[in-house]
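Enquirer: Take a look at the letters that make up each chain.
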Amino acid sequence: MLDLKIHSNEIDKIGKFSKEEKDYRIKNLNYFNDIGLPNKKDEDWKFSDLNAIVSKNFKKLNLKLGKSDNPKINFIKEFEHNYIVIINGKLTASDFKYEEKNKIDLKPFTNEDYSNKKENNPLVNLNHALSHEGFFLEVKENYKFNKVLVIYYFYTDDLDENLLNSKNKIKIGNNSEIHFVDFIVNESKRNFFNNIYEEIILEESSTLKNIYLQNDKSPGYFHKYTKNKLSSGSNLSSFIFPTGLKFNKLDLEFDLEGENSVCNIQSAAFLNEYDHQEVKTRVNHLYPNCKSYQKVKNVLNDNSKGVYQGKIFVKDVAQKTDAYQLSKAVLLNERSEFNSKPELEIYADDVKCSHGSTSGSLDKDSIYYLMTRGLSKKESTKLLVESFLNEIIESIKSSSLRNFIKTKLENQLKNEHKKH
Amino acid sequence: MLEIKNLNASINNREILKGLNISIKPGELHAIMGPNGSGKSTLANVLSGKEGYKISGELNYLGKSLNEISIDERAQKGIFLAFQYPTEIPGVNTSNFLRTSLNKVRKAQGKKEIDALSFLKLVKEKSDELGMDEKMLTRQLNVGFSGGEKKKNEILQMKILDPSLIILDETDSGLDIDALKIVADGVNSARDKKKSFLVITHYQRLLNFIKPDFVHVLADGKIVKSGTKELAMELEKTGYKGIN
Ligand SMILES: Nc1ncnc2c1ncn2[C@@H]1O[C@H](COP(=O)(O)OP(=O)(O)OP(=O)(O)O)[C@@H](O)[C@H]1O
Ligand SMILES: [Mg+2]
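Chains as they are written, first to last, in the numbering used here: chain A, 86 to 505; chain B, 368 to 611.
Extracted from the complex, chain B is given alone in its bound form (with noise of 0.2 Å):
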């Protein structure tokens, strides 16, 4: 699904990623940790095409190099990022928004524009699982919400675009108890064997709810050390100091 090889990345002439290496197959679920400013939003905005970094390396996304590739064909084409921040957007119906983007992505795969009224059925059914009020998407876009209400909305377009590579950039942050259980809900029942994940987190709580096959860590621009779900409880142990 993912292949990414020695990628650097900097801007402003600060280098950020320094050789970071991951390699993720279809249906699995990676964890990122890292101590804060190690580069773990900068590897998300990488990959998701945002503009402005130098970057060299390798980046292969379903057999085929993203280089060249824009933002928004890259969502397109499947990958999607949910911001640790999402953006404020003041006058863009929220509503409107979800069905424009969902059509962009649904034309460019060739399918057809849905219809108001199946998207209004879809975006029912997928706030009720996440226990949203509809009302919500009527307001502006992120425009006022809380801070959990805008993590819960990044989760409603993950599962209404339906992406193949889903990168979650502390979604947990954040968020209450029954929050966080109901978005590790919302990413469990949207597993399967053709979607892979990319989490990233500072908790080991999240992990606890959503079963990563592989937990990496991210330290000053590279992966410096993989394992297992165990791996994260020990850091929750010794922290980053005691690792290497």
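Same shape as in the complex, but just chain A (with noise of 0.2 Å):
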């Protein structure tokens, strides 16, 4: 097994810190230390036994990053944006030329609450502890981005083992309004673990959209904690389109903290080779009135393996809550597989909450049906399965994101006619 306690004159190799800031990165080494990294008897970590996975494919982990040159990013072409570039985790590009920049406020991430306690999640110590890049974006009250803004996250050919930890911070000022896609683009060609920790705070009436999408397939093994923050009034909506990473979990957390704030998660995914994904999510109601819709669906091919775990939390005061919950998962061989768990913590008497999951193979009249007319088995299976996971490329309002995402879904699916 590989060894995964570090030693706390790595903070020094990182950076010169004060006394308080080492003291809380120090601690925080500590509560990871402690746990290290986990593994499956942790219910949280049942389904992806991270310790495992990491033991198996990495040698060790390197902390210390190459100087590498600033590489040439491929900007997207398809749709006029303002953009942000991140290069291994680092802010090092942006362009805001389609807003009023007094109203927008973009800067490294620095640390400035110190408080630390052992986390449920102990990457998020681990990240605490280690990172010192990433950024901290602010959209100030009563503005609304004219165009969508995408985040390129960038990650470079010379990566090797590595672990990188960044921390980004997103606000969004009351009454405003923004669309972003994180966008990961990859050239590394080697194996390197990814985590990062987010925070994305909604103030009153806020309305925040969100795409997260991968360009290409890459060795790259990324974990991703996320706490929003709702209040009163802002609405939240998450899609999520993650394919093409070796490992990828991410854990979201969702606290609605006003009256009538609403969050919709959703997510499509087409999983193949040993592609290994999750999705874990959990909605805190703490405030009446608040609506939250999550919907999952996976298709899976080769031996890939994929999981959700959605919890939805609702505290006493939260009446009226409205939790609505679905996993749908297609396996197309034997040989993958799909783990969910939903959960429901009530303790409210008047809500309305369902959940619901299901997995099995593609149906089997529908393939005979479109055999019938002239399709092959592969050009029908590849139908069924554009169509069910398009149901949720759908929902997005744009045509040009849209379209974008259809696209890159059906190329993945028409590389995927290829190689068999």
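In short, the hints are calculated from the structure, not lab data. Among these hints, one or two may not hold up.
[What the hints assert, rightly or not] Below, in silico cross-link-like pairs of lysine-lysine (DSBU-like), each with a Cα-Cα straight-line distance of 35 Å or less: (1) A:Lys462 to B:Lys604; (2) B:Lys392 to A:Lys493; (3) B:Lys493 to A:Lys449; (4) A:Lys462 to B:Lys421; (5) B:Lys604 to A:Lys482; (6) A:Lys449 to B:Lys491; (7) A:Lys162 to A:Lys254; (8) A:Lys491 to B:Lys502; (9) A:Lys482 to B:Lys488; (10) A:Lys491 to B:Lys444; (11) A:Lys462 to B:Lys596; (12) B:Lys392 to A:Lys462; (13) A:Lys467 to B:Lys502; (14) A:Lys312 to A:Lys437; (15) A:Lys463 to B:Lys526; (16) A:Lys493 to B:Lys561; (17) B:Lys431 to A:Lys449; (18) A:Lys467 to B:Lys596.
Both chains are given apart, each in its own frame, so use the hints to dock them into the complex.
Expert: Here it is as structure tokens:
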């Protein structure tokens, strides 16, 4: 097994910190070292034994990063957008050419709060201990973005068994609105482990729409923890299209901290080869009259593995909560695997909560029907997979984004088609 | 066109077709009638190439054996089955599907793919003939279609794909009188010297509109009686118990 105790002198190698910050980092490192990389004995990691996965695929985890030249980014041409470029976790460029500059504040991330505790997820402590890159984006009050913002997360080709920790914070002021795309671009050829911590704050009556997408396959192992905080009247939609990463776990927490806040989480993934993908959500209904909606669709091919753990927590005061959760998985062969664990924890009595989960193979009668109309078995399968996942894509309102994502999915399925 | 000799078919160790013989020449329309559970849909399925049956006997289409020919290849070679119960397929747009299907069949037959505009024209013409609302075609394939609408959609596909051997499995069941006439007109206008039809039905009424050249009675997996359209009228009076 890989020894993952990290020595506190690694912190000194990252940078010079105030005593307070160093203390904070050391404490967090100790919390992490107590547990190490979580394994399947930990309920939250039951289906994704990170310790085993990392031990199997990494000889070491380098904390030190080579100094890579700034790579050339191929910007998306299909639609006009603002952008931020993050290279190996570091904020390196940005352009808000479609916006009013004084409404936006963007800077590298700096710690301000040194309170610390042992987190449920040890990778969060690991991040607090070691992250020193990332960004802080603030949208001031009463401002609606004119164009979408694309955040390019670029990973360079000189990564080699590196452990990257970075931290981002996004704050959206009262009555403001922003749509952004997390777009992951990979040049790396070798394994690396990327651990992101993210905080998203929606102030009153603000709106955030977010799309999570990858440009290409990657040897990267990804973990991201996001804390979303929704004030009253705010509205968050998150569309997750996670495909092509060897390992990816998104641990997403949503605190509905004010009345009439709404969150909508939808995911569509096509996994193949040995992809391992987990979406874990926890939605905390803390105030009355809030709504949450989750729909997670997975198609699994080859030896891929998908996991969905979704928890809805409703506090006693959170009356008139409306919470919905659905997971649907299609397994294309016997070697693929899907695990789903829905959980409801409800302390209020006047609530509407429903959840459901299905998994199985594609409907044989549908394939038969399509074949009697001249489509081959592969084409029929592809059509059914595409329409299964398109349901999620269809609910994206912007047609240029919708088409961009559709084309990505189509290409992915086309490549799959050629492969076999 | 189609030559079936001593066809046996079983599924899950149950024998369903037990030595069935039929021969259909180009231009002919054959009707098959028979009690529930006698094997009519099974025959249609076997002709379409559906998997899961254990089959023996001879199946020849256009002079060649259909053994080893897959479902999609049969469709591409011009065999069309209108289903007794068309499958609902969520998420698949009806019109896009029709176009994909048509282009697959055309390509296999060495024809050029049809462009979007010509396709729309073709669909409009054919759906008008069937009194179908074109808006239906923007919907998901068969999802939420009424029984009659599903049947009309099958006939629309038949008209668009222009196949050579057409098997209609109880296409008349569930249609109102007007729809029945429209569908019958659809079949009649598609009839020509090169096409053959195998029409499975329970009702003589349909055969008043589309005149069969031959009528067969299928019972317990075999053709027990064959005749002309008078046989259908006789059956209407006597029922299946009266024959033999
Ligand atoms: N997969 C199967 N496994 C076992 N038995 C089957 C299967 N499929 C069909 N059968 C049986 O085969 C027999 C013939 O079925 P088929 O659907 O061909 O009848 P049919 O003549 O079309 O009847 P109907 O007039 O009611 O449509 C029935 O008794 C049916 O239950
Ligand atoms: Mg039948």
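Enquirer: Starting from Lys162 (chain A), check that the Cα of Lys254 (chain A) is at most 35 Å away, please.
Expert: Holds. Lys162 (chain A) to Lys254 (chain A) sits at ~27 Å (cutoff 35 Å).
Enquirer: Straight-line Cα separation of Lys491 (chain A) and Lys502 (chain B) no greater than 35 Å?
Expert: Holds, at about 24 Å.
Enquirer: Could you grab the alpha-carbon distance between Lys604 (chain B) and Lys482 (chain A) and see if it respects the 35 Å cut-off?
Expert: Judged against 35 Å, a Cα distance of about 61 Å means the pair is violated.
Enquirer: Hinted pair, alpha-carbon criterion (35 Å max): Lys312 (chain A), Lys437 (chain A). Please report holds or violated.
Expert: Within the cut-off at roughly 24 Å; holds.
Enquirer: Next pair to validate is Lys392 (chain B) with Lys462 (chain A); report whether the Cα-Cα distance is within 35 Å.
Expert: The hint holds at about 31 Å.
Enquirer: Can the restraint linking Lys462 (chain A) and Lys421 (chain B) be considered satisfied, given a maximum Cα separation of 35 Å?
Expert: Distance of about 20 Å is within 35 Å: holds.
Enquirer: Regarding the pair Lys491 (chain A) and Lys444 (chain B), is the alpha-carbon distance no greater than 35 Å?
Expert: The given pair, whose Cα atoms are some 32 Å apart, holds under the 35 Å limit.
Enquirer: Check the hint pairing Lys467 (chain A) with Lys596 (chain B) against an upper bound of 35 Å on the C-alpha distance.
Expert: Status violated; Cα separation ~45 Å.
Enquirer: Please verify whether Lys493 (chain A) and Lys561 (chain B) have alpha carbons no more than 35 Å apart.
Expert: Violated - the C-alpha atoms of Lys561 (chain B) and Lys493 (chain A) are around 45 Å apart, more than 35 Å.
Enquirer: Can you confirm whether the C-alpha distance between Lys467 (chain A) and Lys502 (chain B) stays at or below 35 Å?
Expert: Holds: Lys467 (chain A) and Lys502 (chain B) sit about 25 Å apart, inside 35 Å.
Enquirer: Is the straight-line distance between the alpha-carbon of Lys462 (chain A) and that of Lys604 (chain B) 35 Å or less?
Expert: violated, 45 Å
Enquirer: Are Lys482 (chain A) and Lys488 (chain B) close enough, with their CA atoms no more than 35 Å apart?
Expert: This hinted pair holds, its Cα atoms lying about 30 Å apart.
This entry does not satisfy hints 1, 2, 5, 11, 16 and 18, going by the numbered hints stated previously.
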